[in-house]
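Participant: The whole structure should be built from the sequences, with the hints applied where relevant.
Protein chains in written order, with full-length UniProt numbering: chain A, 1 to 357; chain B, 1 to 357.
None of these hints come from the bench; they were simulated from the model. Don't take every hint at face value.
As the list claims (entries may be wrong) - As a list, the in silico BS3-like pairs of lysine-lysine whose alpha-carbon atoms are at most 30 Å apart:
#, chain 1, residue 1, chain 2, residue 2
1, B, K63, B, K94
2, B, K94, A, K63
3, A, K94, A, K63
4, A, K63, B, K63
5, A, K94, B, K63
6, A, K94, B, K94
Number of protein chains: 2
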Amino acid sequence: MSEAVSRPTLEAVAARAGVSRATVSRVVNGGDGVREPLVERVRRAVEELGYVPNQAARSLVTKRHDAVAVVIAEPETRVFADPFFALQLRGISKELTAHDNQLVLLLTEGRDDHARVGRYLAGGHVDGALVFSLHLDDALPGLIQGAGVPTVFGGRPGWSDGNLPQTLGSAPSGQDSTAVYVDSDNRGGARDAVRHLVGLGRRRVAHIAGALDQTSAVDRLDGFRDVMADADPRLIAEGDFTPAGGERAMRELLDRCPDLDAVFAANDLMASGALRVLREHGRRVPDDVAVVGFDDMLPVAEQTDPPLTTIRQDIEEMGRLMARLLLRRLRRNPTEADQDTTTGVVLPTTLVRRASA
Amino acid sequence: MSEAVSRPTLEAVAARAGVSRATVSRVVNGGDGVREPLVERVRRAVEELGYVPNQAARSLVTKRHDAVAVVIAEPETRVFADPFFALQLRGISKELTAHDNQLVLLLTEGRDDHARVGRYLAGGHVDGALVFSLHLDDALPGLIQGAGVPTVFGGRPGWSDGNLPQTLGSAPSGQDSTAVYVDSDNRGGARDAVRHLVGLGRRRVAHIAGALDQTSAVDRLDGFRDVMADADPRLIAEGDFTPAGGERAMRELLDRCPDLDAVFAANDLMASGALRVLREHGRRVPDDVAVVGFDDMLPVAEQTDPPLTTIRQDIEEMGRLMARLLLRRLRRNPTEADQDTTTGVVLPTTLVRRASA
DNA sequence: GAGGTTGGAGAGAGCGCTCTCGGCAGCAGC
DNA sequence: GCTGCTGCCGAGAGCGCTCTCTCCAACCTC
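Facilitator: And the structure:
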């Protein structure tokens with residue numbers, strides 16, 4: 001019935017190895033400037049005692065935490081429940097653990113929670129933050145910039161470039177507050193999708209847009225317009241990224257333009273809804289109407305009837321890249337950081353051909 | 001171009017309020033034993049300086065971290081990409097933040113990573129762990145029990161009750177190493193599913209089992225057998241929880257027992273595969289063959305044709321409960337903990353009727 | 001071989017907090 | 001009016017680490 005054995009300290013290792021605390025510290029942190037025989041002796045002592053550095057004590061003095069926060073602001077279960085975040089987290093996790101950083105997950109529920117997150121980040125518990133900001137009117141990005149924590153955004157934040165919330169009053173300066181983000185090429189992907197449809201000989205191409213308070217939806221719509229510059233405005237309907245929204249939009253479109261011969265939906269979920277409505281109206285896919293989605297959300301895109309032609313983005317890579325970018329800024333010293341003018345990284349997308357177009 | 005302003009310390013607050021550090025500490029931690037006027041003064045000073053306690057310094061002395069690890073061991077992208085974990089995380093997050101605890105996410109990639117997780121947990125960086133162990137042969141649960149960290153498992157761990165890895169050599173004792181877990185009522189849910197089919201008058205009910213190295217799959221199979229005690233063994237096929245596996249199993253079943261009139265699939269993904277094969281074989285659902293799934297995985301269950309009748313489990317609640325259980329053990333003092341004989345909590349499931357059965 | 005130079009090791013301060021302890025009021029009891 | 005409490009508050013040690021500063025030995029240089 002022994003008391004919980006307290007874990008060994010640097011002191012204990014030093015005693016065992018017959019050296020000073022400082023030497024053990026040096027060895028544990030890379031071993032530079034310590035002669036080989038001593039290094040060896042310390043290593044053995046560490047091994048034998050099962051020594052693990054006390055992170056709290058360490059960060060008390062270094063002021064580093066080797067931890068970054070991942071902030072996911074998503075009140076809507078629907079979106080949260082899709083595989084998107086899981087994959088992104090996975091990419092982030094891989095990159096972080098490869099550099100011995102911990103991942104502190106912050107999920108927010110509604111607006112009130114934003115303040116909590118802001119407080120947490122400003123509290124200096126983590127070295128940096130990875131933030132997913134989905135909505136244009138979201139206060140979170142501003143709050144976070146205000147917290148003065150190095151941050152990388154997932155998805156282009158809602159404010160336009162050059163219009164950053166620079167002057168947030170008491171924002172601790174010294175941090176360059178340029179918004180760094182990683183996004184996939186929503187606009188380019190949309191262009192590819194529409195070009196593919198046009199290449200198939202379709203002339204009346206409709207678009208089911210996503211919720212336009214999200215930059216991804218706006219960008220995909222822009223991509224559509226890039227190719228269909230002179231498109232009939234009635235060929236565009238706004239959905240909300242849900243299957244039900246896709247159904248609604250599809251009905252509208254069929255109603256307004258019965259002669260449409262193709263649909264580009266801003267995500268696979270809406271495309272699946274559209275497919276259902278098309279079938280219901282007796283339109284054959286892809287013979288009468290060709291359909292392209294976006295996301296390549298596997299459980300959906302592969303299961304629809306017919307399987308969905310869509311635009312794939314490498315979600316996991318996006319997460320990995322976000323983490324890599326953040327770690328790089330954390331590592332740099334100020335002078336170098338000044339030269340780091342990266343503001344946005346845009347990942348390519350690819351068209352995945354299945355049966356629907 | 002000011003230097004990064006270092007955040008205020010207890011000392012600073014004390015000076016401003018004209019009291020000692022100890023008094024500020026008392027106020028910050030609840031204010032017991034400090035007279036009202038002083039409390040007020042300290043509160044104001046905290047407010048004015050924007051003081052936030054330094055968590056590292058605090059845990060250095062308290063040896064608590066107000067943080068728990070969530071360990072998700074899932075090398076397979078497929079499973080990880082389903083909404084399951086997202087919802088569970090959400091539940092966990094809600095409960096943890098309600099009690100001012102942080103969530104440290106640990107995702108593992110393959111076996112080698114298990115050691116890393118074990119080391120991390122044993123390193124005493126977190127107060128407890130929430131672990132999702134999916135496979136029967138998984139070494140992780142053992143490793144974690146060995147780390148001597150209070151743990152709650154999500155899903156019944158792979159070892160049978162009463163056969164815990166008690167003696168893991170150098171496991172720091174003092175912790176009661178009973179495995180606590182939260183699971184949904186896989187067996188009961190399966191029984192409900194099959195009873196529903198039987199209640200519809202179906203007599204040749206088949207089962208597509210999940211990967212049987214997972215307790216959930218085993219339990220669902222057991223539930224099936226509970227109701228169909230004398231079922232033809234050829235009516236059972238093992239899938240792997242994927243749509244493709246469901247297709248394969250369905251083909252097998254149709255081949256072996258062309259007269260089957262119902263199928264209970266151990267998850268919705270496999271059910272969707274089964275539906276496709278049934279359609280391909282000209283069987284009408286539910287007229288010729290009724291189909292029930294499991295999980296109520298929304299993007300899938302609602303989108304199949306016909307929409308899937310399935311068993312719903314409250315995933316988010318499961319997560320919340322796991323966190324609650326863990327926090328309770330962390331809060332308790334040893335004597336009380338001894339009386340806490342909770343080992344498993346099983347959450348109820350409900351049948352959701354849609355069109356497939 | 002005296003003085004200078006270097007690289008490796010130890011001593012010790014101190015990060016920001018908590019918590020025990022001791023002091024000192026204020027009050028009751030005799 | 002003195003002892004003995006009780007209740008508040010401050011002093012101070014110390015959590016486990018990093019990091020600077022100092023010291024010392026070994027090696028050059030002329």
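Participant: Honestly, which of those hints from before does the structure not fit?
Facilitator: none
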